[in-house]
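Can you make the complete structure from the sequences, with help from the hints?
Going by the numbering used here, the first sequence opens with residue 402, and the numbers climb by one from there.
A couple of the hints might just be wrong.
Claimed, not checked - In the DSSO-like style, the derived pairs of lysine-lysine whose C-alpha atoms are separated by at most 27 Å in a straight line are:
(1) K537 with K415
(2) K691 with K635
(3) K415 with K513
(4) K484 with K415
(5) K537 with K882
(6) K520 with K464
(7) K567 with K537
(8) K520 with K537
(9) K464 with K513
(10) K464 with K537
(11) K762 with K779
(12) K449 with K464
(13) K449 with K513
(14) K415 with K523
(15) K767 with K779
(16) K449 with K415
(17) K415 with K464
(18) K779 with K691
(19) K415 with K520
(20) K567 with K449
To be verified - Across the chosen pairs, the derived CB separations fall in these ranges:
(21) K691 with A566: 18 to 28 Å
(22) L424 with R476: 36 to 46 Å
(23) H608 with E588: 44 to 54 Å
(24) V411 with E581: 54 to 64 Å
(25) V587 with Q482: 50 to 60 Å
(26) G447 with V587: 28 to 38 Å
(27) M613 with D543: 37 to 47 Å
(28) A793 with H878: 30 to 40 Å
(29) A601 with E522: 55 to 65 Å
(30) V819 with V587: 19 to 29 Å
(31) D614 with A420: 45 to 55 Å
(32) A601 with A420: 37 to 47 Å
(33) T695 with L611: 46 to 56 Å
None of these hints come from the bench; they were simulated from the model. Glycine included, C-beta positions come from ideal geometry on N, C-alpha and C.
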Amino acid sequence: MSEPNTLTAVRLAKRAELAAAGLRPYGAAFPVSGDVGEVRASFAEGRKVAAAGRVTARRDMGKSHFLDISDHSGRLQVYLQDKALGEEGVRIYELLDIGDFVGVEGECFTTKTGEPSIKAEKFVLLSKSLHPLPEKWHGLQDVEARHRQRYLDLISNEHARAVFAKRFAIIREIRSFFEERGFLEVETPMMQAVAGGAAATPFETHHNALGMDLFLRIAPELYLKRLLVGGFTKVFELNRNFRNEGVSRRHNPEFTMLEAYWAYADFEMMAQLVEDLVCRVAERVCGGLKIEHTDAEGRVTRVINLSRPWRRARYRDLVEEAEPGWFARDVSGRRNRAVELGLDISHCLEDYEVTQHVFEKLVEEKTIDPCFVTHCPKELIPLAKTNPEDPAVLDVFELVMNGQEIAPGYSELNDPVVQRERLVEQSGGEQHKIDEEFLQALEYGMPPAGGMGMGIDRLIMLLTGADSIREVILFPHLKPKAE
RNA sequence: GGGUUGGUAGCUCAAUGGUAGAGCAGCGCCCUUUUAAGGCGUUGGUUGUGGGUUCGAGUCCCACCCGACCCA
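Here it is as structure tokens:
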């Protein structure tokens with residue numbers, strides 16, 4: 402903590418004075434009738450209740466006082482009269498600050514302005530706060546402070562509370578969706594000897610006792626597939642992945658990923674599953690399939706329509722639709738056209754990568770309503786089956802909506818010989834990047850299966866209208882602030 | 001990593017290169033149904049950090065720290 406300013410000094414003095422008077426400034430257990438919101442919801446004239454919360458406003462009227470106490474669930478008014486408080490209670494009240502936690506017991510009553518309130522008969526201090534809270538009307542505005550001191554954001558900004566309440570409701574719904582469909586939630590290693598299952602730079606760490614380097618996982622995929630080998634038929638994992646890459650509006654070094662694998666299914670069944678999942682979550686948590694994003698003034702800036710059935714279209718057709726004649730050009734023609742389109746095309750890019758740039762810019766960024774992009778070129782993904790009719794493309798989808806990739810799904814590659822070839826190709830000769838133990842598992846036989854992954858933070862951005870991933874992660878990555 | 005932009009009281013914000021201010025919060029009084037309560041009075045600043053230009057810098061210049069937005 403920095404040098405106490407005068408406001409903190411005043412509060413420290415009050416703390417000392419309370420302690421000296423035997424009025425414990427940090428309280429004890431205080432049984433309550435419920436959270437503040439629950440007490441308010443169960444309000445009944447004359448009922449005796451006990452409630453506790455943080456003081457977020459006080460209004461003095463001579464010898465009577467009003468306090469607002471708050472927690473995550475809402476706000477409730479407390480009415481105090483010096484006469485009813487007694488000497489000790491009055492002393493506590495005199496030394497009270499906005500931000501302190503208090504406990505009250507008393508009767509429910511409605512003031513003449515119609516505000517449900519508790520008329521306090523007992524009033525105790527539960528925790529003394531040593532710092533002033535953000536301004537009561539504007540809340541905490543400073544973006545950096547909102548992320549660095551998220552607790553202050555949660556105390557003072559209703560919108561932040563609502564976004565995170567929604568986040569955790571969404572995650573709960575996802576779990577119950579999979580459980581109802583017979584999927585088992587499992588846990589696989591976060592620390593892996595080979596960081597497989599995706600193309601990304603991992604974080605490195607070191608195991609001292611074993612003298613070995615380990616990587617934080619970039620995906621759980623290769624372990625979940627081992628479970629299919631082991632006889633599980635429907636599994637999912639909903640937890641953190643780590644990627645040692647840039648931080649941006651859409652990227653946090655650690656992020657929440659859902660992956661699910663379904664034996665004997667394929668990518669089309671997975672697409673249906675994903676559509677069912679997202680629609681159910683939207684209906685239960687967002688109240689419908691039309692998701693409106695608004696700006697700070699409440700104007701609607703974007704509407705995402707999740708109405709079914711969702712569009713399904715082939716990768717090649719979407720590129721051709723966005724840029725007619727694209728595939729009629731030759732390799733250098735495509736490269737030149739991409740430069741004309743204002744794309745940053747470096748000389749070392751392969752032809753399929755040039756097309757991928759066009760896809761990202763002209764298709765992905767402009768796709769707001771959900772679209773399953775299917776049959777992507779096989780160079781992009783090493784872990785999926787090729788299409789039986791066209792070996793240049795894969796039996797996969799990439800779900801795009803809100804201008805972002807949200808969820809890939811595959812008919813999972815289960816031929817160990819082909820899988821080895823594809824991984825060797827992808828590794829660019831770096832043998833240590835190949836998970837030999839995964840390949841060995843595949844050699845024992847993995848059933849044909851459908852698999853899917855979903856970036857949960859991006860899904861939550863979509864469903865809450867957040868324009869930055871930092872708005873949906875409680876404690877986003879920030880550089881430490883120098884003293 | 002590059003470009004643009006920001007950092008002023010605990011918080012929200014002002015301040016042509018010319019005495020750093022307001023509201024909230026705090027402190028002191030008044031007020032027994034208020035709710036952004038109200039009334040009177042009042043404290044609080046190394047203007048992110050370090051240099052420079054200038055008679056004079058919150059303001060202009062340079063470097064650095066921490067953000068935001070855009071690009072890679």
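Against the structure, the hints come out as follows:
Pair hint K537 plus K415 holds up; C-alpha atoms about 22 Å apart against a cutoff of 27 Å. The straight-line distance between the Cα atoms of K691 and K635 is roughly 30 Å, outside the 27 Å bound, and the hint therefore fails. For the hint linking K415 to K513, the alpha-carbon distance of about 33 Å lies beyond 27 Å, and the restraint is violated. At most 27 Å may separate the alpha-carbon atoms for a hinted pair to count; K484 and K415 meet this at roughly 22 Å.
For the given pair, K537 sits about 26 Å from K882 by alpha-carbon distance, which is consistent with the 27 Å threshold. With a CA separation close to 14 Å, the supplied pair K520 and K464 stays within the 27 Å bound. Restraint check for K567 and K537: the C-alpha separation of about 24 Å stays at or below 27 Å, so the hint holds. Between K520 and K537 the alpha-carbon distance is near 24 Å, which keeps this suggested pair within the 27 Å criterion.
Taking the CA atoms of K464 and K513, the gap is near 18 Å; set against the 27 Å cutoff, the hint holds. In summary, the hint linking K464 to K537 is supported, as the alpha carbons are separated by about 24 Å, within the 27 Å threshold. Distance restraint check for K762 and K779: the Cα-Cα separation of roughly 20 Å lies within the 27 Å cut-off, and the hinted pair is therefore satisfied. At roughly 23 Å between alpha-carbon atoms, K449 and K464 fall within 27 Å of each other, so this suggested pair holds.
A distance of roughly 19 Å separates the Cα atoms of K449 and K513; the hinted pair therefore holds under the 27 Å criterion. A threshold of 27 Å between alpha carbons decides the hint, and for K415 with K523 the separation of about 20 Å falls inside it, so the pair holds. Proximity of K767 to K779 is assessed by CA-CA distance (about 23 Å); at most 27 Å being required, the pair is judged to hold. Among the hinted pairs, K449 with K415 is inconsistent with the structure: their alpha-carbon atoms are about 30 Å apart, more than 27 Å.
For the hint pairing K415 with K464, the CA-to-CA distance comes to about 21 Å; that is within 27 Å, so the pair holds. Straight-line distance between C-alpha atoms of K779 and K691 comes to about 34 Å, which puts the hinted pair past the 27 Å bound. A threshold of 27 Å between alpha carbons decides the hint, and for K415 with K520 the separation of about 25 Å falls inside it, so the pair holds. The suggested pairing of K567 with K449 is violated, with an alpha-carbon distance near 32 Å, which exceeds 27 Å.
With their beta carbons about 20 Å apart, K691 and A566 fall inside the hinted range of 18 to 28 Å. Remark: the range hint 36 to 46 Å for L424 to R476 is contradicted by a beta-carbon distance near 25 Å. Our hint of 44 to 54 Å for H608 and E588 is violated, since their Cβ atoms are close to 19 Å apart. The beta-carbon spacing between V411 and E581, approximately 55 Å, falls within the hinted interval of 54 to 64 Å.
Range check, V587 to Q482: Cβ separation about 58 Å, and the 50 to 60 Å hint holds. Between G447 and V587 the Cβ separation comes to about 52 Å, which falls outside the hinted range of 28 to 38 Å. Evaluation of the 37 to 47 Å hint for M613 and D543 yields a pass: the beta carbon distance comes to about 43 Å. For A793 and H878, the Cβ-Cβ distance of about 39 Å falls inside the hinted range of 30 to 40 Å, so the restraint holds.
Checking the proposed 55 to 65 Å range against A601 and E522 shows it holds: the Cβ atoms sit about 60 Å from each other. In this structure the hint that V819 and V587 lie 19 to 29 Å apart at CB holds, the actual value being about 26 Å. Hint check: D614 to A420, Cβ distance near 51 Å, so the stated range 45 to 55 Å holds. Checking the proposed 37 to 47 Å range against A601 and A420 shows it is violated: the Cβ atoms sit about 53 Å from each other.
Our hint of 46 to 56 Å for T695 and L611 holds, since their Cβ atoms are close to 52 Å apart.
Going through the hint list in order, the structure does not satisfy hints 2, 3, 16, 18, 20, 22, 23, 26 and 32.
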